[in-house]
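Colleague: The chain contents come next:
2 protein chains.
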Amino acid sequence: MQKPTLPKGTRDFGPEQMRKRLFIFDTIRQTFKRFGFQPLETPSMENLSTLTGKYGDEGDQLLFKILNSGDFAADLTELDIASGYKKLTPKIAEKGLRYDLTVPFARYVVMNRNSLTMPFKRYQMQPVWRADRPQKGRYREFYQCDADVVGTDSLICEAEIVLMIHEVFRNLGIQDFTLKVNNRKILAGMAEVIGAPGQEGPLAVAIDKLDKIGPEKVKDELRERGFSEKAIETLVVDWIGQKLTNSEIWNDFRHKLNASQIGQQGVDELEEMLRLVEQYGLEKPQIEVDPTLARGLSYYTGAIFEVKANGVSIGSVSGGGRYDNLTGAFGMPGLSGVGISFGVDRIYDVMDELNLFPASAGQGTQVLIVPFDSDARAVALPLLTKLRRADVAAEVYPDLSKVKKMLDYANAKGIPYVVLIGSEEVQTGQFSVKNMVTGEQKKLGADEVLWIVKG
Amino acid sequence: MQKPTLPKGTRDFGPEQMRKRLFIFDTIRQTFKRFGFQPLETPSMENLSTLTGKYGDEGDQLLFKILNSGDFAADLTELDIASGYKKLTPKIAEKGLRYDLTVPFARYVVMNRNSLTMPFKRYQMQPVWRADRPQKGRYREFYQCDADVVGTDSLICEAEIVLMIHEVFRNLGIQDFTLKVNNRKILAGMAEVIGAPGQEGPLAVAIDKLDKIGPEKVKDELRERGFSEKAIETLVVDWIGQKLTNSEIWNDFRHKLNASQIGQQGVDELEEMLRLVEQYGLEKPQIEVDPTLARGLSYYTGAIFEVKANGVSIGSVSGGGRYDNLTGAFGMPGLSGVGISFGVDRIYDVMDELNLFPASAGQGTQVLIVPFDSDARAVALPLLTKLRRADVAAEVYPDLSKVKKMLDYANAKGIPYVVLIGSEEVQTGQFSVKNMVTGEQKKLGADEVLWIVKG
Chain A
6 MQKPTLPKGT
16 RDFGPEQMRK
26 RLFIFDTIRQ
36 TFKRFGFQPL
46 ETPSMENLST
56 LTGKYGDEGD
66 QLLFKILNSG
76 DFAADLTELD
86 IASGYKKLTP
96 KIAEKGLRYD
106 LTVPFARYVV
116 MNRNSLTMPF
126 KRYQMQPVWR
136 ADRPQKGRYR
146 EFYQCDADVV
156 GTDSLICEAE
166 IVLMIHEVFR
176 NLGIQDFTLK
186 VNNRKILAGM
196 AEVIGAPGQE
206 GPLAVAIDKL
216 DKIGPEKVKD
226 ELRERGFSEK
236 AIETLVVDWI
246 GQKLTNSEIW
256 NDFRHKLNAS
266 QIGQQGVDEL
276 EEMLRLVEQY
286 GLEKPQIEVD
296 PTLARGLSYY
306 TGAIFEVKAN
316 GVSIGSVSGG
326 GRYDNLTGAF
336 GMPGLSGVGI
346 SFGVDRIYDV
356 MDELNLFPAS
366 AGQGTQVLIV
376 PFDSDARAVA
386 LPLLTKLRRA
396 DVAAEVYPDL
406 SKVKKMLDYA
416 NAKGIPYVVL
426 IGSEEVQTGQ
436 FSVKNMVTGE
446 QKKLGADEVL
456 WIVKG
Chain B
6 MQKPTLPKGT
16 RDFGPEQMRK
26 RLFIFDTIRQ
36 TFKRFGFQPL
46 ETPSMENLST
56 LTGKYGDEGD
66 QLLFKILNSG
76 DFAADLTELD
86 IASGYKKLTP
96 KIAEKGLRYD
106 LTVPFARYVV
116 MNRNSLTMPF
126 KRYQMQPVWR
136 ADRPQKGRYR
146 EFYQCDADVV
156 GTDSLICEAE
166 IVLMIHEVFR
176 NLGIQDFTLK
186 VNNRKILAGM
196 AEVIGAPGQE
206 GPLAVAIDKL
216 DKIGPEKVKD
226 ELRERGFSEK
236 AIETLVVDWI
246 GQKLTNSEIW
256 NDFRHKLNAS
266 QIGQQGVDEL
276 EEMLRLVEQY
286 GLEKPQIEVD
296 PTLARGLSYY
306 TGAIFEVKAN
316 GVSIGSVSGG
326 GRYDNLTGAF
336 GMPGLSGVGI
346 SFGVDRIYDV
356 MDELNLFPAS
366 AGQGTQVLIV
376 PFDSDARAVA
386 LPLLTKLRRA
396 DVAAEVYPDL
406 SKVKKMLDYA
416 NAKGIPYVVL
426 IGSEEVQTGQ
436 FSVKNMVTGE
446 QKKLGADEVL
456 WIVKG
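Protein chains in written order, with the numbering used here: chain A, 6 to 460; chain B, 6 to 460.
For reference, chain A alone in the conformation it holds in the complex (with noise of 0.2 angstroms):
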């Protein structure tokens, strides 16, 4: 007889850890709401045509492949065989399991462009797949929650983002978290007045990895790009490891990028995204503005942001920026958006080292009712009902057992309270109403049942 095993890379969450996630799911889905933006959903199947080459060359490899159903190998030759799998793979397979919800997304606006009204906000929450090599808090199997609104380039929307972030992280409880911010702009700014112009790619791929190897490994990096010693020293001199305060950081940049006209405009975009945060009336802001984020740059083009959690060591929870052509790739250029995406693996892996979670996500049933037999039962099932009507997660042991099994099936689903029926309830109407976590016992009636467990 088998032995089910999972596939590697997959998990099972089961109640205590789903009440958890659906917990910061349902929070993250309100704030969304709130900012005014709108649920989506794609398949999780998408055309391989769709997907490829969106990603890179390392993200083609990480995609899942299905493949087509029916006789697949029909026309298939020895030829196919030895030209290797990669040529075999989109003869047997045309369909591949989504990467991220960003092109996915792309394809929604393009198929959809004559019908969505501009400026588009979205939300999507919805597994991803990656076949990547499995390891601690790396899945094959995960969520991501997006936001992003395109069709327009107001640093409104950036500030907003700003704002939700907040939010969410606060509603979660997660108070002690720090937002970094920065422009691709600055960026290319740094580079052009280093004396390496057009270069801040393979600039942002080695200042990223600053707090994981640290400065001098950064540098050897550098070297290794072909960046000249007096390109690198002006670089870790002005931009590395500073810390100025807010109030410093404008005039600062300005000075340091007053030869790249790029650079200029990054300061002023940020400046005025954070002017535009003061408006709302932001409290207490917990932003850094930090010029060597880069979040490997991928397609941002203005805005970029990256959160941690303070006081555990765990990456980034979340992650977005300003991209100026999400859709070209699929015919539509020039599309502005910008967007954010929380991690909720990493958030959950966060609020469950810090103790973060309120008791009522951890809680399922609330009220467990134990007749003794079936006269017990017939009162039971009446206050079973009413109980339910208000609200309250309820239910009745079904099997007529032992008092002790059914009190040790309460105490393993960490059910509260427990209302014990026997003949005597049954004749005055009064039942025994058992607090799970004091032990305290007390005879009440229906209503003051409902009271006491409504808690």
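Possibly wrong hints are sitting among the right ones.
Given that identical chains are not distinguished, each listed pair holds provided it fits within a single copy or across any two copies.
As the list claims (entries may be wrong) - Here are the simulated DMTMM-like pairs of lysine to aspartate or glutamate, each with C-alpha atoms no more than 25 angstroms apart in a straight line:
{"hint": "1", "residue 1": "K92", "residue 2": "D62"}
{"hint": "2", "residue 1": "K185", "residue 2": "D295"}
{"hint": "3", "residue 1": "K447", "residue 2": "D413"}
{"hint": "4", "residue 1": "K235", "residue 2": "D273"}
{"hint": "5", "residue 1": "K447", "residue 2": "E283"}
{"hint": "6", "residue 1": "K418", "residue 2": "D257"}
{"hint": "7", "residue 1": "K409", "residue 2": "E226"}
{"hint": "8", "residue 1": "K25", "residue 2": "D396"}
{"hint": "9", "residue 1": "K8", "residue 2": "D357"}
Think of the hints as simulated: they come from the structure by calculation, not from any bench. As the structure is a prediction and not an experimental result, all values here were calculated from the model.
With the hints as your guide, set chain B onto chain A.
Modeller: Just chain B now, with coordinates in the frame of chain A:
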């Protein structure tokens, strides 16, 4: 330039559809929770060894298989191709997408048998995939919403499912539905008393088609399946198309099934289940006992449930039953359970056709703020924050555009209130609030705005 398309049989769900779908999901989830069911999620991918052989040959063909990562073709020979795609598949694909939620649930129970508290009540709301030929109302990716309790054979569980079905449909606003109930043991008894003992399987397959093909063709089908003319005659006279009131039904059934012990047991179970439902105090039960209800029998061993919405010609919107051997295929025999599945897509179609979605289910953003210039914006942003803090979904139009364009945006998105802010509003602190439905416009202070849009 490629023009993107969707894989056939798959769909995007845009904002309006999604809001309605979320209303359905939330309603079902809340009801499941109130009944003490706990959330579970399993991975989209399962090992093919878990899935294969569980859904019959046809089901195996409908599984979506995932191509192994890396060089899946390294060990292939021309012989592998010559041997045909069915033999080739397991050499290049070891994982598949889940086909339903029942097999992954069984796999989960077996893998966690030592830590689960029995009876175990779980619900699961996730997509499933089937490589079916797409047609109207049939998709290759669709959601299932299942609730099951395993580890007890108490009829209380059947009664709870009857109650939960009533709750779900009433909470959704589908008041006019019929819940058909039966018991496999009655079908077994029926086969026995018409002289075809043990033949309830083929019997069920044939009479399952009664609604679709009518009694004469059912007779033909029974003949083809080897039932005698006498058996068919008895079946048709005694069982098919009988309309009995609930008060006559039990005597009638007991009389007809007099010679079948298992049949009598089925009647007892069904009667006891409905007696328990009455004890719960269910108001206006919408239950019809139908001894011909079979739902293809599949793995059902006791109660069988099926729900149809009245007044629309859409198939069943919910179905389920008791099974005695959920986990047998995974080496854990004898675990009894009972479950129910709600079909979200069909429920959506019913509600859409009958116009049953509440206005709130379609509502996205409640207020759009329209500032005429950057001074107005400085006043708009704190108002936006105030609205959102009061849990009102609110947006500001991000660009400074023509007023008409901004009002068009509100109309296109179905936003019911627009707050217009020009220089006059900036000076007086009184905002012009336009009701986009009635066209009415009023001048209001910030608190009044909040009060009116909270509605």
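Colleague: State for each hint whether it applies.
Modeller: Tested hints:
1. Proximity of K92 and D62 under a CA criterion of 25 angstroms is satisfied intra-copy only: 14 angstroms inside one chain copy versus 31 angstroms between copies.
2. Taking the closest pair of Cα atoms, K185 and D295 come within 25 angstroms of each other only inside a single copy of the chain (6 angstroms); across copies the shortest separation is 64 angstroms, beyond that limit.
3. In this homomeric assembly, K447 and D413 come within 25 angstroms of each other (Cα to Cα) only inside a single copy, at 19 angstroms, whereas the closest approach across copies is 62 angstroms.
4. In the homo-oligomer, the alpha carbons of K235 and D273 never lie at most 25 angstroms apart, since the shortest distance is 27 angstroms inside one protomer and 91 angstroms across protomers.
5. In this homomeric assembly, K447 and E283 never come within 25 angstroms of each other (Cα to Cα): the closest approach is 54 angstroms inside a single copy and 29 angstroms across copies.
6. In this assembly of identical chains, the alpha carbons of K418 and D257 never lie at most 25 angstroms apart, being 58 angstroms within a copy and 44 angstroms across copies at closest.
7. Taking the shortest alpha-carbon separations for K409 and E226, neither the intra-copy value of 66 angstroms nor the inter-copy value of 54 angstroms comes in at or below 25 angstroms.
8. With identical chains, the CA atoms of K25 and D396 are at most 25 angstroms apart both within one copy (20 angstroms) and between copies (22 angstroms).
9. Proximity of K8 to D357 under the C-alpha cut-off of 25 angstroms is found in neither arrangement, the shortest distances being 31 angstroms within a copy and 44 angstroms between copies.
In this structure, the hints that do not hold are numbers 4, 5, 6, 7 and 9, in rising order.
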